[in-house]
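Q: Sequence:
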Amino acid sequence: MTIAEIAQRAGVSKACVSRYINHGYVSEEKKARIREVIEETGYTPSRSAQVLRTGKTGIVGVILPKINSESIGRIAAGVSEVLKKQGYRLLLANTENQVEQELAYLELFKNDQVDGIIFVAGILTPAHRELISGINIPVVMVGQRADYLSCVYHNDRAAARELTHLLLSSGRKHPGMIGVTQKDRAVGSERRIGFLEACEGCGITVPEQRMETCEFTIESGYDAARALLERAPEIDALFCATDTIAIGAVQYLKGIGRQIPEEIEVAGVGHSRMTEIISPRLTTSHFFYKTSGIEAATILCQILETGVDIKKQIMLGYEVIRQESTCMELPWKKHA
170 MTIAEIAQRA
180 GVSKACVSRY
190 INHGYVSEEK
200 KARIREVIEE
210 TGYTPSRSAQ
220 VLRTGKTGIV
230 GVILPKINSE
240 SIGRIAAGVS
250 EVLKKQGYRL
260 LLANTENQVE
270 QELAYLELFK
280 NDQVDGIIFV
290 AGILTPAHRE
300 LISGINIPVV
310 MVGQRADYLS
320 CVYHNDRAAA
330 RELTHLLLSS
340 GRKHPGMIGV
350 TQKDRAVGSE
360 RRIGFLEACE
370 GCGITVPEQR
380 METCEFTIES
390 GYDAARALLE
400 RAPEIDALFC
410 ATDTIAIGAV
420 QYLKGIGRQI
430 PEEIEVAGVG
440 HSRMTEIISP
450 RLTTSHFFYK
460 TSGIEAATIL
470 CQILETGVDI
480 KKQIMLGYEV
490 IRQESTCMEL
500 PWKKHA
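For reference, each letter of the sequence shown is one residue, going 170 to 505 in my numbering.
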C-alpha cells in the first residue's frame, strides 16, 4: 500500500495524504476519509522515509529515574496524555537513579533521531549541563530547576517549611528529619532548607544528630528512623523528605511501641496512595505530579512547533493534606 493508492481510495490528492500523515492541515471531511482507508488497509508509513521527508521522527525520548515509582508514574501519565494528542510516540528510558545512566540516555537520544527529550531529573551535575548544552534538539526538565533549559518543578522548600511548622504547632520541641542527599537540589537541599527555616522560625535549633539521610525506599526509611531514634530518642516530631521514607519510619516507630501522633508526629511529602492506607494515615503535601508532566510536554510541543525555546520556568504549587499522623486539626491548604 502506497500513499498514491490511499489517495485514490480516499478520493483525495497524494499531497493531502502526505499532509495528513505528517500532521499538516487537512479538512475534517478529508481526514475522516483518509483515516477510514488507513484503518481498513492497516497502512503504516515508513519511519525512515518520513524522517528523510520531514526531518521529524514523531518520537519523544522520556528519561525517568525510577519507572515503578508512583510519583514518576503520574508524571509519565501527564506526558503521555499530551504527546499522544499531538501525534507523538514515547520512548521511555529507566535510569534507576543512576547519574551515569542518565548521561548515557541523554547521549543516546542526542544521536538516535528523537524530536525532543523530557528529562525527569534527580541529581544534576556539571556533566549534565555540558551534555544538554550540546544537544541540538529541545530538552525540557521535570522536578528540578535549572536556568539553562525549560523546566517544570515544585515548591519543595515552601512545602517542607509548612509541613514542619504544622508538626511544631502542637508544641513539639525536638524535631528531627530524614532526608536524601543534598546533591538532589529539590528533594535533598530545598526540603532540608524548608525544614530548618520552620524550626528557626519557632526558635528551635536542630543539631546534626537529629538529621539523617537515606535512599528513596521504605526499607531505607525504616533503617534511617532506627539509626536516628537510637541516636536521638528525644525526637517528638519527624519530617521526612518523601512519603516512602515516612512510611518506613512509621513502620519502625510502631514496631518499637512509639505512639503516633501522641508521642511523635510524622509528616512526608508527595501524597502517595499509601498515605491513605497506612495506619495512622500520613500527613503529607500533595504535589501535582501529573500536571508537571502535562506542562512539560506542552512546553516541548510548543518548542517543536515554533522552533523557539525561551527557557520557560514553571513552579507548581502544593496542598497540605492534614491526616492522623499529626495532632493539629487543620483544613487542607492549596498554594499557588
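These are calculated hints, taken from the structure and not from any lab test. Hints are supplied without guarantee of correctness; some may be wrong.
[As the list claims (entries may be wrong)] List of simulated lysine-lysine pairs, DSSO-like, C-alpha gap at most 27 Å:
| # | residue 1 | residue 2 |
| --- | --- | --- |
| 1 | K279 | K423 |
| 2 | K183 | K254 |
| 3 | K279 | K235 |
| 4 | K235 | K481 |
| 5 | K352 | K480 |
| 6 | K183 | K199 |
| 7 | K279 | K459 |
| 8 | K235 | K254 |
| 9 | K352 | K199 |
| 10 | K480 | K459 |
| 11 | K279 | K200 |
[Stated by the list, open to error] Taking CB as the label site, the calculated pair distances span:
| # | residue 1 | residue 2 | range |
| --- | --- | --- | --- |
| 12 | S338 | I425 | 52 to 60 Å |
| 13 | E205 | E488 | 44 to 52 Å |
| 14 | K253 | Y194 | 15 to 23 Å |
| 15 | L261 | E388 | 43 to 51 Å |
| 16 | I362 | A184 | 43 to 51 Å |
| 17 | A273 | S339 | 25 to 33 Å |
| 18 | K253 | P449 | 38 to 46 Å |
| 19 | E377 | Q492 | 35 to 43 Å |
| 20 | Q492 | E269 | 45 to 53 Å |
| 21 | I479 | E209 | 40 to 48 Å |
All residues carry an ideal CB built from backbone N, CA and C; glycine is no exception.
Q: Taking the numbered hints from earlier one at a time, note which ones the structure violates and give those numbers from smallest to largest.
A: 1, 9, 11, 12, 15, 16, 17, 19 and 20
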